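Protein chains: 2
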Amino acid sequence: MKLLRVDTLDEAMEKLLRAAVMLPLNTQQIRTEEAVGRVLAGDIVSAEDIPGFRRSTVDGYAVLAQDTQGAAEALPVLLRVVEEVDAGQVPKHRLQSGQCAYVPTGGMIPEGADAMVMIEYCEPFGTGQIAVGQPVSPGRDVVPVGDDIRGGSVFLKKGTEVRAQEIGGLLAAGIIEIPVFAPFRVTVLSTGDELVEPGEPLGPGQMRDINSGVLKTLARQYGCDVIHTELIKDDREQLSRTIYSAMRGSDLVLLSGGSSQGNRDFTAEVIDQLAKPGVFTHGLALKPGKPTILGYDESSRTILAGLPGHPAAAMLVFVLLFGRILKQLRGEKPPVCMKAQMECNVPGAPGRETCQLVQLLPGGDGYLARPVFGKSGLITTLTEADGFTMIPVNREGLHTGERVCVWPI
Amino acid sequence: MKLLRVDTLDEAMEKLLRAAVMLPLNTQQIRTEEAVGRVLAGDIVSAEDIPGFRRSTVDGYAVLAQDTQGAAEALPVLLRVVEEVDAGQVPKHRLQSGQCAYVPTGGMIPEGADAMVMIEYCEPFGTGQIAVGQPVSPGRDVVPVGDDIRGGSVFLKKGTEVRAQEIGGLLAAGIIEIPVFAPFRVTVLSTGDELVEPGEPLGPGQMRDINSGVLKTLARQYGCDVIHTELIKDDREQLSRTIYSAMRGSDLVLLSGGSSQGNRDFTAEVIDQLAKPGVFTHGLALKPGKPTILGYDESSRTILAGLPGHPAAAMLVFVLLFGRILKQLRGEKPPVCMKAQMECNVPGAPGRETCQLVQLLPGGDGYLARPVFGKSGLITTLTEADGFTMIPVNREGLHTGERVCVWPI
Chain E
1 MKLLRVDTLD EAMEKLLRAA VMLPLNTQQI RTEEAVGRVL AGDIVSAEDI
51 PGFRRSTVDG YAVLAQDTQG AAEALPVLLR VVEEVDAGQV PKHRLQSGQC
101 AYVPTGGMIP EGADAMVMIE YCEPFGTGQI AVGQPVSPGR DVVPVGDDIR
151 GGSVFLKKGT EVRAQEIGGL LAAGIIEIPV FAPFRVTVLS TGDELVEPGE
201 PLGPGQMRDI NSGVLKTLAR QYGCDVIHTE LIKDDREQLS RTIYSAMRGS
251 DLVLLSGGSS QGNRDFTAEV IDQLAKPGVF THGLALKPGK PTILGYDESS
301 RTILAGLPGH PAAAMLVFVL LFGRILKQLR GEKPPVCMKA QMECNVPGAP
351 GRETCQLVQL LPGGDGYLAR PVFGKSGLIT TLTEADGFTM IPVNREGLHT
401 GERVCVWPI
Chain W
1 MKLLRVDTLD EAMEKLLRAA VMLPLNTQQI RTEEAVGRVL AGDIVSAEDI
51 PGFRRSTVDG YAVLAQDTQG AAEALPVLLR VVEEVDAGQV PKHRLQSGQC
101 AYVPTGGMIP EGADAMVMIE YCEPFGTGQI AVGQPVSPGR DVVPVGDDIR
151 GGSVFLKKGT EVRAQEIGGL LAAGIIEIPV FAPFRVTVLS TGDELVEPGE
201 PLGPGQMRDI NSGVLKTLAR QYGCDVIHTE LIKDDREQLS RTIYSAMRGS
251 DLVLLSGGSS QGNRDFTAEV IDQLAKPGVF THGLALKPGK PTILGYDESS
301 RTILAGLPGH PAAAMLVFVL LFGRILKQLR GEKPPVCMKA QMECNVPGAP
351 GRETCQLVQL LPGGDGYLAR PVFGKSGLIT TLTEADGFTM IPVNREGLHT
401 GERVCVWPI
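Chains as they are written, first to last, in the UniProt record's numbering: chain E, 1 to 409; chain W, 1 to 409.
Simulated from the structure, these hints should not be mistaken for lab results.
A quick note: this is a predicted structure, and the numbers were derived from the prediction, not measured.
Please note: incorrect hints may appear among the correct ones.
The list cannot tell twin chains apart, which means a pair is met if one copy fits it or any two copies do.
Here are the simulated BS3-like pairs of lysine-lysine, each with C-alpha atoms no more than 30 Å apart in a straight line [claimed, not checked]: (1) 158 - 290; (2) 375 - 158; (3) 375 - 92; (4) 276 - 375; (5) 157 - 375; (6) 375 - 290; (7) 287 - 327; (8) 92 - 157; (9) 157 - 276; (10) 92 - 333; (11) 276 - 92; (12) 375 - 333; (13) 287 - 157; (14) 92 - 233; (15) 15 - 92; (16) 290 - 15; (17) 92 - 287.
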């Protein structure tokens, strides 16, 4: 057994990022309406001003603001109604002093007018006239041309994750197709003689492979396309062949299982044999997550990761390392965490950073974080958790009431 | 124009919930691996204990804990190795005092043994013997039968949103299909003579319909199936026919646009004509969101909502009302908000609750909330925002440094 120095999470992140920037970052064109959750691969420029005309934000009368000076309920100003502008129509008249035109919400404001008076402040007065009971200043309730989106300017930046509102902005500008980053292609391999497919009957001593399903789901959530999953026996030849063929078509090969020292050793050896420069991280100073192996192959441009076999550990390491790196590669905003206060003391692991699962409960001056304890092999510790918080390596633990960052999982 | 009292958000929520509990809450069976984001429609019980055998969490030797009493590095206890248990295999021997067996991580612990000694604390000693240099207590590094999931017990409750870890738990128990709530069926209708489809050329005075795309995206994010979208002119007959046919197949009909008073009036009239008991909310004391109409038809079991035409208002009202109600109907946990401190003072609207868009920035003792201002018709106020916070009706506004809840959008 070789004695190898393990990396801190930061060291591993730095090495992983150095390798990951070599991954092909492809772009694809997709329909805007189907783009939710995707990340813009380029700045978006509107060809035109939005709105393209001066638009009213209220139902009321378009006026020359100066005509309304001094207007009051007791002393209204009388204006002649020259037209009623329908939604989607172009006004026929240019307003002169003393004139007004009815414009509905969203309607186009006639030339000459520079403000709207809400209908609530207007009274019909004789034939074709209204009485305005309130003064308005220029620009009141008018959206100027280009106020929402300026033609020719970047209104959404590369790296933006598309939400419902970005879809709205894009459609407003008539942009019905957009460039987004193509998903990274991922292969998920589970290894272990003791593992069977979840749908198969379980013999004594056997366990169902759950890491494939968990890692596939997570990888998809982080914008990856899982092109292949496979359950492999602890057979060096088969593992080697499968990894080799996976490297040709994948940006990322995730291996999990093989938690025993023997398996870890041969996973690292196989990666080193197939990939150049090979393994760069031989373990993490992280609890849970110590048996994590990271490597890179330059010629096929593939990241290879041996994740812990314990489901909770595999999931947390994926989120901590790949969740962050994948977002960083696409230039996304760093994620925000939930602030909470520890409900009780919780110890850290000596010499290692600790990833502590927690539940979030209302309390304190916002939320309390209640630790979820359990052996790292137990999947139910994760189903009970809302997220996790990190205990730094140089801390004995977290104390009751301490303010912490909780990352949702 | 009828004078109708508007509802507070709470009043509208209460009425909406009373109507919404009448909606059919159907269940469907889907593959566990594809269930992320769905909500369990029933409690999940495992047929078996997980693990089904006593499992080791480390590489090492299974022992009788009492044999190791008093063991120390300087005075190790010698144990005879009777076998090496392979992963996935059943041990052949029942251990007697003085015996041990090698068991890898995840392996089955032989009968008779009650603890594991990590390999780091064991040294080979002559032929077929090891020297144990550390005492262990009973149960050390052993996962008991059923420790993760107890057979016959509910391990995931109805109303749980399925995340990666729930998929893991289900697969661990061999449950490869699960009952989830069927999506609500939603029709999204945009009305307005000024609106054109986003892909079509824009004439003067015209605007692109963006609410359909935004509401469709949101509805899907909240677990709905958008079965139809349509852009309708301001034509009472066409609106009436379209709503009538939408009611037959939809749980929820979302209308938007028609922001002008005339349009709002006829939307409400059409809903009242087609639906019994009809409109129950004639406006919200909410900024933005005042021109919101809510109604219900008992015989077709359809909720009808006339949302504001302004995109930001339509989106916020959808999230506030339907985002919460839909989760509540399925018994989901209430969402958690982000705690932040106001970066500056922000005024509320007199007599109305205010939904204030904000950006989240690092600062204060966690995050600062910076208000995003803009007319409610502007979609870019939403693309700049990370979320929103509520200003209660009885408050003049929020003050700098005040701790607020920010709901992500």
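Hint-by-hint comparison with the structure:
1. 158 - 290: The answer is neither: 35 Å in one copy and 35 Å across copies each exceed 30 Å.
2. 375 - 158: between (42 Å within a copy, 25 Å between copies)
3. 375 - 92: between (76 Å within a copy, 27 Å between copies)
4. 276 - 375: So residue 276 and residue 375 fail the 30 Å test inside a copy (36 Å) and across (56 Å) alike.
5. 157 - 375: For residue 157 and residue 375, only the inter-copy Cα distance (22 Å) is at most 30 Å; the intra-copy one is 43 Å.
6. 375 - 290: For residue 375 and residue 290, the Cα distance is within 30 Å only inside one copy (14 Å; across copies 52 Å).
7. 287 - 327: within (23 Å within a copy, 35 Å between copies)
8. 92 - 157: Close neither inside one copy (39 Å) nor across copies (64 Å); limit 30 Å.
9. 157 - 276: Answer is neither: 36 Å inside a copy and 47 Å across each miss the 30 Å cutoff.
10. 92 - 333: neither (48 Å within a copy, 55 Å between copies)
11. 276 - 92: neither (73 Å within a copy, 43 Å between copies)
12. 375 - 333: Between copies only: 26 Å across chains, 33 Å inside a chain, cut-off 30 Å.
13. 287 - 157: between (37 Å within a copy, 29 Å between copies)
14. 92 - 233: The answer is between: 22 Å across copies meets 30 Å, while 79 Å in one copy does not.
15. 15 - 92: The answer is neither: 67 Å in one copy and 45 Å across copies each exceed 30 Å.
16. 290 - 15: within (16 Å within a copy, 53 Å between copies)
17. 92 - 287: neither (73 Å within a copy, 33 Å between copies)
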